[in-house]
Structure formats: C-alpha cells, structure tokens
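Peer 1: Residue strings, one per chain:
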Amino acid sequence: MQVKFKVRRFDPDADRPVARYDEYELEMSESNTVLDGLIRIREEMDGTLALRCSCRSAICGSCAMRINGQAGLACNTLLIHAIPKDGGPIVVEPAGNLEVQKDLIVDFAPFWSKVRAVQPWLQPEGPEPETEYIAPADDMQHLTGVMACIMCGACVSDCTVLDVDDNFLGPAALAKAYRFVRDPRDDADSSRLGALNEYGGVWDCTRCMQCVEVCPKNVDPMGRIMALRDRAMEEGYTNTTGARHAKAFSDSVEHSGWLDETKLVVKSHGVTNVKEMLKLLPVAARSFRAGKVPPLRHKSIPGAENVRRVFEKVESRDQG
Amino acid sequence: MPYAFYPGCVSRGACPELYAATLEVCRRLGIELDLTTMQSASCTGAGVLQEKNLRLGDTLNARTFAMAERAGRQILTICSTCQGVMSQANARLQDDDYRASVNEDLAEEGLSYNGTADPKHLLWVIVEEVGIDTLESMVVQRLPSLRIAPFYGCYIVRPSSDLKFEEHPEREDALERVIEAVGAQVVDFPGKTLCCGFPILTINETNSLKMVANHTMDAKGRGADAMVTPCPLCHLNLDGYQPQAAKANSPLSPIDVPILHLPQLIGLALGIPPKAMRLNSHIVSTKTMLSELALSP
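Respectively, the protein sequence lines represent chains B and G. So the first sequence is numbered by the numbering used here: it starts at 265 and just counts up by one. So the second sequence is numbered by the numbering used here: it starts at 4 and just counts up by one.
Keep in mind that the hints were calculated from the coordinates and are not lab data. Be a bit skeptical, because a hint or two may be false.
Facing chain B, from chain G, some residues (calculated, C-beta under 8 Å) [unchecked claim]:
id, residue
1, C12
2, S45
3, C46
4, L59
5, C157
6, M214
Note that the structure is predicted; figures quoted are calculated from it, not measured. Just so you know, even glycine gets a beta-carbon here, dropped at the ideal spot from N, CA and C.
My request is simple: use the sequences and hints to build the entire structure.
Peer 2: Structure, rendered in structure tokens:
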C-alpha cells in the first residue's frame with residue numbers, strides 16, 4: 265500500500281533554523297509500523313532525518329513521538345491504524361514538552377532530572393537483614409503495574425500541565441515516586457510524600473487523563489498520582505488547597521448527597537484565608553450580575569441519609 | 004422510552020442556564036426525560052472523591068446505576084465529567100466479584116446493581132439515538148455565519164477504552180457533526196481535547212488561567228466567534244475566568260470568546276429564544292455573536 269508521511273523537521277545547524285514539514289510517500293506492507301516507515305525514509309530517501317530508536321519491540325522506550333498529534337511509540341503503531349480516515353498523510357512530530365534537538369529527537373535531560381528528584385531508589389531503615397529484603401508477593405505484584413514503565417516520555421509529551429508549567433514533576437516521575445512509596449521495603453514514605461506535597465507535585469495534576477491514554481504500557485500515571493494524594497492526606501499532609509478541596513468535596517457529598525459549590529470554594533482556600541477570599545469577591549460579583557449563582561440555600565437531595573450510610577459502610581471497610 | 008435524567012451538580016448550581024436549555028432542546032428533539040428517578044441519586048464524585056476513596060466513588064455510582072435499573076431506564080447526563088466518572092466506575096463494576104462486594108453496601112437500601120447501566124451524555128444520545136440527519140431536518144434557523152470551535156475537554160474523550168470509543172467511533176467527532184448539522188462552521192483547533200484548567204483552579208490558578216487563555220486565544224486566532232462544550236465545568240472556567248485569564252495572559256486585548264453549552268447552540272438552530280436558554284447569563288457576553296444572527300440575548 266502507498267503511505268504518505270508528513271514529518272516535522274528541525275535542523276539547529278541550518279542557516280535559518282526554523283521548523284518545517286517534509287512529505288514522503290512510499291510503498292509499505294500492511295504489517296509495517298510507523299517506525300518501519302521512518303527508518304525506510306532515512307535509509308532510502310533522506311539520510312538527514314534524525315530519530316531515536318533501538319529495540320523496535322516497545323521495550324527500550326526510545327521512539328516515543330507524536331503521531332497524528334498524539335504521543336506514542338512509533339515501533340508499536342501499525343501504519344494501518346495510523347493512516348487518517350480522510351486519506352491524508354500520517355503526521356509525525358517530535359514528543360512535546362521537551363526541547364527539540366533535531367527533527368524527531370528531543371532533549372531528555374529535564375525528564376531525567378525530574379525522575380532523579382523523586383529519589384528513585386530504596387531507602388530502608390533499621391539493621392540490614394542477613395539475606396535479601398523480603399517483600400510480600402501481593403505488594404510486588406501490584407507494583408509490576410508501575411514497574412512496567414519504560415521511561416519513553418509519551419506521558420510527559422502530552423501532559424497538559426507541563427504544557428503551561430515546566431516546574432511540574434510530571435506523570436513519569438510521579439509514577440516512579442509511587443513505585444517507592446508503595447514498596448514495602450522502603451521507609452522514607454513520610455519525607456517522600458512531604459516533598460510530593462509541594463508546588464509542582466501531586467496536587468498540580470489536572471486529572472486530564474492524557475497520560476493514561478497515551479501510555480504504551482498501561483502504567484496509569486494519573487491513577488498513581490491520585491493514590492499518592494490519598495496517601496499524602498493519610499500521612500497528615502492536609503494543609504494544602506488540594507487536600508482541603510478533596511475533604512470539602514467529600515464532606516459536601518456525604519452530608520447533602522451533592523455538591524455545595526459555594527462552600528467548596530471557600531473551604532478549599534481555607535475560611536480564614538482573607539487574601540484569597542478578597543480575590544474571590546470580583547468573581548462572585550460578576551457571577552451574581554450574570555445570574556450564575558448556585559442556590560443560596562444548599563438543599564440536601566431526597567434520602568440523603570442513604571448516601572451518608574454508603575459513606576459509613578465503605579469507610580468502615582477501610583478501617584476494618 | 005424516557006431517559007432517567009441525571010443533571011449533575013453544576014447544572015443545578017452555577018450553570019442553571021444549561022439545565023434550562025437542556026429541557027427546551029430535549030422537548031423539541033423528542034428526547035423524553037424522566038426527572039424524578041434520579042432525584043435521590045448522589046454526585047458521581049467528579050474524580051475528586053475518587054482521590055480520597057475509589058471504592059466509595061464506585062459504590063455511590065453503583066447506587067445510581069441500580070436506581071436506573073430498578074426504574075427500567077437508561078441514564079442521560081449533560082455533564083462530561085459525570086459521564087467520564089460514571090463510565091470509569093461502570094467499567095470497574097463489570098467485574099462480577101467486585102460488583103457483588105460493592106452491592107453488599109447497598110443492600111440495606113434495597114438496591115443492587117446488575118451491571119446493565121449504559122449512561123449516555125446528551126451529545127451521544129443526539130448522535131447515536133436521535134441521529135444527525137434527524138437533528139438537521141429539525142433545524143429551523145441554520146447558522147451559516149457562525150464559526151464555532153468545539154471544546155470537548157477531557158472526561159468525554161479519555162480514557163477512550165472506558166468510554167467505548169472502539170464500539171462507537173462516532174463519539175470521536177460528535178461535536179463537529181452537531182456543529183455542521185446546525186449549519187454552523189467548524190473551527191478546528193488542537194486544544195479541543197485538552198484540559199480547560201478547571202480542576203486546578205483553586206490549587207494553581209496561574210496554570211489554570213494559562214490553559215483558559217491558550218484555548219480561547221487559539222480558537223479566536225483561528226476565527227472562532229464562539230466555542231461550544233458538552234462540559235459545564237469547562238464552561239465555568241473558560242467563561243467565568245476568561246476575564247482574569249485575559250488580564251494575566253493577554254493584558255492588551257480582551258479575549259471575549261463566548262462559551263456555549265451544547266444545548267444552547269442546538270437550541271439557537273431550533274428557534275428557541277436565547278432568553279429561554281439564558282444566553283444572557285454568561286460572563287463573556289453573547290451579544291455580538293447573537294447580533295450576527297439578528298437575535299438579542
């Protein structure tokens with residue numbers, strides 16, 4: 265079959281280094297991947313095309329890039345799945361949120377420095393055991409989900425927070441942090457969670473699920489970030505807007521069955537946070553003028569006591 | 004068969020205009036809504052409750068699903084976030100052992116979930132049940148002068164597996180097809196399936212406002228007169244915080260892109276008066292946009 269590619273090119277050594285798109289068309293087989301196509305372009309049509317790849321089996325994590333606007337591994341994306349319905353070219357671009365060095369190659373230095381920042385090594389306390397550290401099989405089984413990460417950077421590429429804020433640790437590093445917080449042999453949970461509770465940590469995630477969608481290994485980084493939020497709150501890190509928001513949200517549903525939006529906003533900032541309360545005034549005034557206000561008195565749903573009972577039952581399971 | 008109408012918290016709170024527009028549009032499209040069955044259903048948890056306790060969220064949603072099953076109805080929602088959270092919970096609740104265990108905590112209320120719920124957003128009901136052709140045939144005022152940017156947000160597109168995109172490929176471009184059906188022009192832009200910033204509004208306002216500014220300015224730059232969204236939370240941020248977003252990110256010029264709720268756009272084409280859909284109760288005025296249609300808010 266004839267396949268068209270449209271590849272984003274960038275040469276830092278060019279006289280005028282600006283990005284451009286080059287188009288290529290070649291005969292490929294239906295069993296071929298996007299990476300097969302790119303390698304053939306480089307070998308047969310344009311030797312200047314720069315890309316990273318190694319194992320071609322979705323193990324090494326080298327060939328993450330954007331294919332039709334979404335991050336993924338070029339080596340496990342079949343051409344037949346990538347060819348747009350309208351018959352247009354397959355658009356191939358470098359991974360996002362990392363600086364392009366040349367064509368499809370991006371600078372991974374910030375990626376690694378964020379992974380290092382979560383201290384991705386075991387920090388056990390107490391006397392060393394005579395033989396190896398023993399961990400229950402169930403715990404390690406659970407952790408295989410995160411250990412499946414091949415550090416390809418697809419999640420980082422498409423993270424909507426990194427798009428506006430370089431300071432965010434990002435899905436890959438936070439998933440790695442979860443791996444150590446949940447490891448039964450690690451004893452640094454509290455200090456780890458304290459660090460993750462800071463600006464740029466777990467609370468800055470928007471829950472947009474881009475990382476969940478694009479991860480080629482089903483690591484579910486966002487799910488891990490949510491679990492870290494829960495662990496941080498359990499550990500006593502409750503003095504953040506995020507933690508207060510989660511608590512106020514839960515309280516509202518528990519007591520009335522649904523959301524009391526006004527109370528939620530006030531409680532998230534902290535009732536005594538005068539500065540934030542003052543900042544809210546113009547927003548509230550504008551909403552009021554437009555007629556966009558929640559009911560003044562928040563009424564419970566009919567049978568709200570049944571919702572409360574569900575809370576009690578499920579929460580007593582956790583304690584039991 | 005009427006749908007069990009699940010309006011979500013926001014259309015009964017800060018977005019009453021969405022609720023009003025939905026009732027008007029459903030009446031004209033012949034989508035019957037049962038307004039009572041879901042009255043005692045709780046909030047889905049919106050992903051926030053799930054941060055604290057995933058099982059608790061699943062149990063509350065199983066309770067809602069069981070109520071719909073008992074009434075012999077399918078659920079219709081008008082909130083993408085409710086849709087996403089319900090779809091995710093429903094996917095987990097297809098596991099028989101897990102569902103049986105969750106049902107233990109609903110037994111006292113006499114409820115039990117059998118796994119048959121299939122909650123659908125109004126957008127999907129229109130595309131899959133009413134049909135785009137039928138919608139098109141009911142249009143009384145085509146809107147050819149309007150250039151509309153679709154904004155899906157997150158929860159109605161990801162994770163695509165839980166939302167059954169493979170089974171329902173029409174969900175991928177449902178908004179664009181509705182925009183075309185009402186005779187308006189689609190303004191495509193890459194931000195349409197990204198985050199509006201609402202979930203971190205109280206946590207990291209700077210980032211949240213940047214997201215608002217990026218999306219609205221990009222859509223405007225591509226010629227959009229307005230944006231349409233199936234998510235009231237996206238509306239709250241993109242509309243309600245657009246003035247602040249402009250102040251922080253585009254100090255020299257206002258952005259002024261009206262953010263329409265899905266049924267408001269459809270309603271305009273069905274000839275529903277703007278006032279009945281409360282198009283006058285937006286933060287970013289819809290006046291200029293409506294005047295192009297020779298209407299006033």
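Peer 1: All the hints need checking, so say for each whether the structure fits it.
Peer 2: Hint check:
1. Taking 8 Å as the C-beta cut-off, the interface hint given for G:C12 holds, the closest approach to chain B being about 4 Å.
2. Interface restraint check: G:S45 against chain B, minimum CB-CB distance 5 Å, threshold 8 Å, status holds.
3. Look at G:C46: its Cβ gets to within about 5 Å of chain B, closer than 8 Å, so that hint holds up.
4. The interface hint given for G:L59 is met, as the beta carbon of that residue sits about 4 Å from the closest beta carbon of chain B, less than 8 Å.
5. Nearest Cβ of chain B to the Cβ of G:C157: about 4 Å, under the 8 Å cut. The hint holds.
6. The interface hint given for G:M214 holds, since its Cβ lies 6 Å from the closest Cβ of chain B, which is under the 8 Å cut-off.
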